[in-house]
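2 protein chains.
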Amino acid sequence: MNRSELVNSIKEKRSFLCVGLDPDLDKLPPHLLNSNDPIFEFNRQIIDATKDYCVAYKPNIAFYECYGIDGWKALQKTIDYIPKSHFTIADGKRGDIGNTSRYYAKTFFEQLHFDSVTVAPYMGEDSVRPFLEFEGKWAIILALTSNKGANDFQFSQLEKEQKPLFEKVLDKCMEWGTADNLMFVTGATRPKDLGHIRDLVPEHFLLIPGVGAQGGDLQEVAEQAFNKDCGMLVNSSRGIIYASAGADFAEKAGDAARQLQQQMEAFLKEKSFI
Amino acid sequence: MNRSELVNSIKEKRSFLCVGLDPDLDKLPPHLLNSNDPIFEFNRQIIDATKDYCVAYKPNIAFYECYGIDGWKALQKTIDYIPKSHFTIADGKRGDIGNTSRYYAKTFFEQLHFDSVTVAPYMGEDSVRPFLEFEGKWAIILALTSNKGANDFQFSQLEKEQKPLFEKVLDKCMEWGTADNLMFVTGATRPKDLGHIRDLVPEHFLLIPGVGAQGGDLQEVAEQAFNKDCGMLVNSSRGIIYASAGADFAEKAGDAARQLQQQMEAFLKEKSFI
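Which chain is which? The protein sequence lines are H and W, in order.
Be aware that the first sequence starts at 36, since it is given in our numbering, and climbs by one per residue.
Be aware that the second sequence starts at 36, since it is given in our numbering, and climbs by one per residue.
Hint data in this document are derived by calculation from the structure and do not stem from the laboratory.
Errors might be hidden in some of the hints.
Because identical chains cannot be distinguished in the list, a pair is counted as satisfied if it fits within a single copy or across any two copies.
DMTMM-like, lysine to aspartate or glutamate: derived pairs with alpha carbons at most 20 Å apart [claimed, not checked]:
1) Lys108 / Asp72
2) Lys141 / Asp59
3) Lys263 / Glu47
4) Lys108 / Glu145
5) Lys183 / Glu160
6) Lys203 / Asp234
All chains, please: the whole structure from these sequences, using the hints.
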């Protein structure tokens, strides 16, 4: 999916919501555990219940890999089931020497047909570039993450550049990719930094996790990150998919997604984007 | 496998060689492509031919994931086939928020029974710690990698700490783990930095890729990285597994591994380690 298609989808859906598909057998409604493929069955019902309210789905690869071949099969079925109208993000935080990153890119772009992959920048240019070399596909680079550990390295002030590490990551990645094949992960738990990041990367889409379970505030985040294309995908995982642990999990997930969509719609109207 | 078992294995084998199992269907000897499971068949023959000369195997996960379910099955069969006497490294360069890193750790430690996983440090403490919480298992953190892209961020000088980023990674990780559950990836392509790293982390094992195809020199590397436990696993992937592209690939892989083992044995004798 290219940028203008994504922007159109945001306008049509009146939403910039991404639903994180992080299925955890320990948290799944008990009645699903008897189905043939509980993970896929859970995802299928979540997708059915939320697809009208979101523009993107983000399966977190760890939650599939940990179930081995069964998990991998559920991931394939899930990506096949997500409507083609929705942007898909393989949240794998991959990155290795160039020769190897190319194989990760092939995995998620050619084997599983995702639109994008999240990529860890620590290994630098040759670890990132292979993800930028697939027509119509995207690399979503970790810049400033939503977790506490972001404080350990990402904010480290660099002597020569006179800026924190995450800003150098933004600068360097902008040399390697464009607003048409590169997005950045920027945590919702740091709205002030988000505004600053928007100034530094005015064109690029931002993938913003951390709304909901991690504590980020949607309105505040949207104010900071909005640009002429909307320019953001705000992700909620646990707040939607585990809104209820009972037989009504899908209905409640739909409610939670609709609630966020309505806030997003109001925001987009306020900004005269729709 | 714990540290003293690993050290004993190095003494017994007179080797600190790790063989990288990065099977690539495009590079596999053509006669294998007709077998039921070419990737596993390749690995099986490579393992048979090299197991007397190495102490560890390191499957690079990208080379399995990219073949989907078939690749995952081949990975499971490979890890089951590797003799229990050998240390195993899941080279996946994983790392995510704590909740997610835990699932990656479960994947490689509980689902696939690897001894260790390589971990990317960019997301900080909560992304690393889950890998340190499994009895008898290891996290191998990217410190200074062997690729060109290492120059982009890893050498960035930090203002407050007055040291490059990779040194802060070493410092921080040593607060989180010990020489019994934590190793560091330090590229063989930078022998001088390797000596410096050894001074900074005198006790820890180093996983050293980059000998062979990437250009690192074994003798030079070993001189810099040696400690009282030997303290290093030197990895070669392409130099061994693709020593020949013909029907004699396993024999030639064995030759290449034996050659490195002999150099290692001479080195260990010189150091009176054996």
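Hints versus structure:
no.	hint	in the structure
1	Lys108 / Asp72	both (9 Å within a copy, 18 Å between copies)
2	Lys141 / Asp59	between (26 Å within a copy, 12 Å between copies)
3	Lys263 / Glu47	within (16 Å within a copy, 65 Å between copies)
4	Lys108 / Glu145	both (16 Å within a copy, 19 Å between copies)
5	Lys183 / Glu160	between (26 Å within a copy, 8 Å between copies)
6	Lys203 / Asp234	within (14 Å within a copy, 28 Å between copies)
In this structure, none of the earlier numbered hints is contradicted; all agree with it.
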